[in-house]
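Novice: As you go down the protein sequences, you meet chains A and B in turn. Under full-length UniProt numbering, the first residue of the first sequence carries the number 1, and numbering increases by one thereafter. Under full-length UniProt numbering, the first residue of the second sequence carries the number 1, and numbering increases by one thereafter.
No lab work stands behind these hints: they were computed from the structure. Please note that the accuracy of each hint is not assured.
If several chains are the same, the list does not tell them apart, and a pair holds so long as it fits within one copy or across any two.
[As the list claims (entries may be wrong)] Cross-link-like lysine-lysine pairs, in silico, DSSO-like; alpha carbons within 30 Å at most:
#1 K7 <-> K151
#2 K241 <-> K51
#3 K360 <-> K51
#4 K241 <-> K7
#5 K425 <-> K51
#6 K151 <-> K51
#7 K241 <-> K70
#8 K7 <-> K425
#9 K360 <-> K70
#10 K425 <-> K151
#11 K360 <-> K151
#12 K360 <-> K7
#13 K70 <-> K425
#14 K70 <-> K151
#15 K151 <-> K241
#16 K51 <-> K7
#17 K70 <-> K7
#18 K70 <-> K51
There are 2 protein chains.
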Amino acid sequence: MRTRPLKVALLGCGVVGSEVARIMTTHADDLAARIGAPVELAGVAVRRPDKVREGIDPALITTDATALVKRGDIDVVVEVIGGIEPARTLITTAFEHGASVVSANKALLAQDGAALHAAAERSGRDLYYEAAVAGAIPLIRPLRESLAGDKVNRVLGIVNGTTNFILDKMDSTGAGYQEALDEATALGYAEADPTADVEGFDAAAKAAILAGIAFHTRVRLDDVHREGMTEVTASDFASAKQMGCTIKLLAICERAADGASVTARVHPAMIPLSHPLASVRGAYNAVFVESEAAGRLMFYGPGAGGSPTASAVLGDLVAVCRNRLDGATGPGESAYAALPVSPMGDVVTRYHISLDVADKPGVLAQVATVFAEHGVSIDTVRQQGKDQSSSRSGEAGTEGEASLVVVTHRATDAALGGTVEALRKLDTVRGVASIMRVEGE
Amino acid sequence: MRTRPLKVALLGCGVVGSEVARIMTTHADDLAARIGAPVELAGVAVRRPDKVREGIDPALITTDATALVKRGDIDVVVEVIGGIEPARTLITTAFEHGASVVSANKALLAQDGAALHAAAERSGRDLYYEAAVAGAIPLIRPLRESLAGDKVNRVLGIVNGTTNFILDKMDSTGAGYQEALDEATALGYAEADPTADVEGFDAAAKAAILAGIAFHTRVRLDDVHREGMTEVTASDFASAKQMGCTIKLLAICERAADGASVTARVHPAMIPLSHPLASVRGAYNAVFVESEAAGRLMFYGPGAGGSPTASAVLGDLVAVCRNRLDGATGPGESAYAALPVSPMGDVVTRYHISLDVADKPGVLAQVATVFAEHGVSIDTVRQQGKDQSSSRSGEAGTEGEASLVVVTHRATDAALGGTVEALRKLDTVRGVASIMRVEGE
Numbered sequence: 001m002r003t004r005p006l007k008v009a010l011l012g013c014g015v016v017g018s019e020v021a022r023i024m025t026t027h028a029d030d031l032a033a034r035i036g037a038p039v040e041l042a043g044v045a046v047r048r049p050d051k052v053r054e055g056i057d058p059a060l061i062t063t064d065a066t067a068l069v070k071r072g073d074i075d076v077v078v079e080v081i082g083g084i085e086p087a088r089t090l091i092t093t094a095f096e097h098g099a100s101v102v103s104a105n106k107a108l109l110a111q112d113g114a115a116l117h118a119a120a121e122r123s124g125r126d127l128y129y130e131a132a133v134a135g136a137i138p139l140i141r142p143l144r145e146s147l148a149g150d151k152v153n154r155v156l157g158i159v160n161g162t163t164n165f166i167l168d169k170m171d172s173t174g175a176g177y178q179e180a181l182d183e184a185t186a187l188g189y190a191e192a193d194p195t196a197d198v199e200g201f202d203a204a205a206k207a208a209i210l211a212g213i214a215f216h217t218r219v220r221l222d223d224v225h226r227e228g229m230t231e232v233t234a235s236d237f238a239s240a241k242q243m244g245c246t247i248k249l250l251a252i253c254e255r256a257a258d259g260a261s262v263t264a265r266v267h268p269a270m271i272p273l274s275h276p277l278a279s280v281r282g283a284y285n286a287v288f289v290e291s292e293a294a295g296r297l298m299f300y301g302p303g304a305g306g307s308p309t310a311s312a313v314l315g316d317l318v319a320v321c322r323n324r325l326d327g328a329t330g331p332g333e334s335a336y337a338a339l340p341v342s343p344m345g346d347v348v349t350r351y352h353i354s355l356d357v358a359d360k361p362g363v364l365a366q367v368a369t370v371f372a373e374h375g376v377s378i379d380t381v382r383q384q385g386k387d388q389s390s391s392r393s394g395e396a397g398t399e400g401e402a403s404l405v406v407v408t409h410r411a412t413d414a415a416l417g418g419t420v421e422a423l424r425k426l427d428t429v430r431g432v433a434s435i436m437r438v439e440g441e
Numbered sequence: 001m002r003t004r005p006l007k008v009a010l011l012g013c014g015v016v017g018s019e020v021a022r023i024m025t026t027h028a029d030d031l032a033a034r035i036g037a038p039v040e041l042a043g044v045a046v047r048r049p050d051k052v053r054e055g056i057d058p059a060l061i062t063t064d065a066t067a068l069v070k071r072g073d074i075d076v077v078v079e080v081i082g083g084i085e086p087a088r089t090l091i092t093t094a095f096e097h098g099a100s101v102v103s104a105n106k107a108l109l110a111q112d113g114a115a116l117h118a119a120a121e122r123s124g125r126d127l128y129y130e131a132a133v134a135g136a137i138p139l140i141r142p143l144r145e146s147l148a149g150d151k152v153n154r155v156l157g158i159v160n161g162t163t164n165f166i167l168d169k170m171d172s173t174g175a176g177y178q179e180a181l182d183e184a185t186a187l188g189y190a191e192a193d194p195t196a197d198v199e200g201f202d203a204a205a206k207a208a209i210l211a212g213i214a215f216h217t218r219v220r221l222d223d224v225h226r227e228g229m230t231e232v233t234a235s236d237f238a239s240a241k242q243m244g245c246t247i248k249l250l251a252i253c254e255r256a257a258d259g260a261s262v263t264a265r266v267h268p269a270m271i272p273l274s275h276p277l278a279s280v281r282g283a284y285n286a287v288f289v290e291s292e293a294a295g296r297l298m299f300y301g302p303g304a305g306g307s308p309t310a311s312a313v314l315g316d317l318v319a320v321c322r323n324r325l326d327g328a329t330g331p332g333e334s335a336y337a338a339l340p341v342s343p344m345g346d347v348v349t350r351y352h353i354s355l356d357v358a359d360k361p362g363v364l365a366q367v368a369t370v371f372a373e374h375g376v377s378i379d380t381v382r383q384q385g386k387d388q389s390s391s392r393s394g395e396a397g398t399e400g401e402a403s404l405v406v407v408t409h410r411a412t413d414a415a416l417g418g419t420v421e422a423l424r425k426l427d428t429v430r431g432v433a434s435i436m437r438v439e440g441e
């Protein structure tokens with residue numbers, strides 16, 4: 001074993017960074033044995049140098065991250081600051097000064113992955129970021145390496161623990177969104193400003209990264225269709241139950257049926273209770289991968305938290321250090337397929353639509369005609385009076401309010417959008433109570 | 001991209017091999033883009049040269065596997081013959097002649113992994129074998145690389161699809177073992193001679209491989225305690241249901257509580273229905289990994305079959321070819337921890353014991369005394385008369401037959417074994433109907 005240590009600069013020392021530093025110290029012998037050389041923490045860049053950081057030599061602490069990555073003797077920079085700047089500039093500078101980089105920065109990777117990969121390649125260094133998607137769950141490496149001889153057709157993932165906690169709570173207790181969010185906040189699963197989670201921004205960044213790797217195609221955050229889950233109601237869960245489904249916020253990356261394009265999207269969706277993702281509870285994450293040869297795979301585990309994220313960072317650190325010793329690099333960006341990313345309108349799926357309608361003869365015929373005119377085929381229709389007594393006669397009901405639940409066969413999002421627009425114009429349709437996609441069948 | 005192709009020799013062209021060859025042809029462009037050079041099938045060694053093999057150039061077929069691996073121009077040998085010989089000699093010869101090796105051979109790896117790794121290292125080549133454990137499920141790579149910075153404490157896996165199909169059938173239909181086996185055979189999930197599966201030999205080989213990688217310690221097939229699942233009865237499933245459990249054949253690799261030793265074992269066990277492994281249905285496989293930092297991870301997918309296994313082989317092929325181009329090697333054997341492998345008697349777990357006893361006063365007291373004398377603490381006891389009407393009075397029942405179900409707290413297998421031996425000697429104990437370990441709590 002080499003005795004001269006590899007030098008690691010840590011950018012950021014919050015929940016994840018402090019855990020990375022702790023494990024580097026407590027498990028130093030294991031890491032050295034697995035890498036083939038000791039690793040040494042050579043510097044830790046922080047914003048608040050006065051904070052007490054147990055187990056970290058105060059002499060290593062600096063507020064000058066730029067000087068740290070420019071030192072020239074750093075072998076690996078671990079970036080756990082998050083956000084676009086200064087992380088982007090620091091990573092680029094690190095490559096220019098000969099370091100490899102391990103990052104947990106999903107927002108940056110989703111926005112500028114291609115440029116960062118190019119910078120890594122120019123300098124002959126590695127850029128690894130297993131921790132950027134679904135915390136500790138090995139996902140980037142299996143997609144990029146284990147499935148390198150296969151053709152991935154779909155990635156369907158629960159990649160945000162906060163929203164899964166909220167939706168699971170709504171499902172299991174019948175709570176409304178706000179009540180479930182309040183509990184998530186109280187328990188520390190949701191941040192004071194939960195926007196990034198509940199509006200799907202966090203999941204969209206992960207979808208972009210996953211789609212890029214799965215389809216060997218550049219997919220940017222802007223390419224990902226995003227809908228949050230703040231409008232999911234207890235009533236939607238009741239509808240889902242009637243369908244034998246639950247509701248999850250899903251990141252969905254799909255290859256089109258003809259193989260010539262891909263899509264990436266994040267939105268709440270119904271999935272059957274029999275689907276493995278349906279039983280992913282609490283703040284856990286799971287990603288379901290469908291590929292041509294391997295079939296259906298699922299990866300499950302904690303999607304966030306200091307220790308799990310540190311585990312992913314350290315797995316990358318070992319790989320990157322091994323590569324340094326070998327004078328080699330791991331797989332870089334693979335974007336050779338360069339498939340076009342289609343807009344949401346091209347996505348094909350099924351829909352569950354709840355309409356508030358006038359409870360009078362002819363309404364169902366009118367509604368069905370609108371679906372037919374837009375080429376959206378109806379699978380099932382269920383009508384019931386607003387007083388909850390089922391109005392089975394349907395066409396012969398008395399005037400009043402009724403609800404009409406339509407579940408469609410597969411149709412494009414554009415066709416469904418046109419259908420809904422036309423439905424809203426019908427006198428007999430008082431309102432569109434909800435539209436929910438049905439996935440995972 | 002390099003234009004001179006990397007040459008691949010395929011040993012074996014059965015269900016897996018023919019699928020490897022097919023994908024190498026149909027996805028040649030993708031593989032070339034991902035590797036950075038084209039790969040060429042340079043020869044295919046088979047036993048029956050006259051069999052028609054669609055899509056394979058007959059000029060590539062040979063019965064002389066030894067000559068093929070000795071050619072000297074082969075970059076990678078893919079071994080999908082299985083069994084110990086001639087696979088072992090062919091792999092060793094391949095290394096001697098400068099090839100890297102991708103193998104799907106669990107039996108060989110479990111028996112001679114250390115020697116094969118040493119041969120690979122001597123020649124500066126790679127030995128990869130993702131396909132040897134749980135088919136398409138990425139498992140070796142995540143354990144070896146993604147968790148390289150973490151400390152794995154336990155691996156709990158359903159790694160044999162045949163037995164999971166049988167047990168799932170027994171659980172869902174109430175069928176007995178023979179009936180469920182017959183159905184598995186009729187559907188092609190079980191071989192004509194199912195011994196390797198139902199007696200746990202297949203799972204034990206996988207347990208040895210997983211334990212070795214997880215604990216950085218050499219674990220051989222002989223180190224794995226093995227019990228088959230042929231004696232699991234419908235009555236055991238009824239008992240499991242009463243416990244809120246189901247029964248799975250599990251491969252369990254554990255680090256002892258003091259961290260100083262490890263164990264590996266395969267046996268049927270009860271696991272709670274709330275455990276993610278409980279909902280793994282049919283012939284699917286899943287492996288649950290508990291590690292210090294990452295927490296609880298699960299990997300799920302098809303554990304066998306031509307296409308899934310080929311997917312794993314091809315993922316390894318891409319990695320090994322990339323390493324060849326880089327002049328590097330991937331991670332080899334990691335056995336530096338060299339922890340002792342403890343015998344089964346040292347394993348600590350809980351037990352569910354069904355006894356047939358005389359239905360008369362004092363029996364429970366006698367039985368409880370035996371447990372206490374052997375230091376096995378009882379969690380719950382349930383008594384019922386053999387006529388199925390619950391004899392709640394217990395100690396006051398009339399003489400006849402009763403059954404006594406004892407669930408223990410955690411105890412060593414040795415202590416439990418001593419307890420059972422002593423129970424058998426009691427006049428009032430007519431028989432020990434079943435002993436089942438309870439895992440995953």
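Novice: Which hints from the list above does the structure break, by number from lowest to highest?
Specialist: 2, 3, 4, 5, 7, 8, 9, 10, 11, 12, 13, 14, 15
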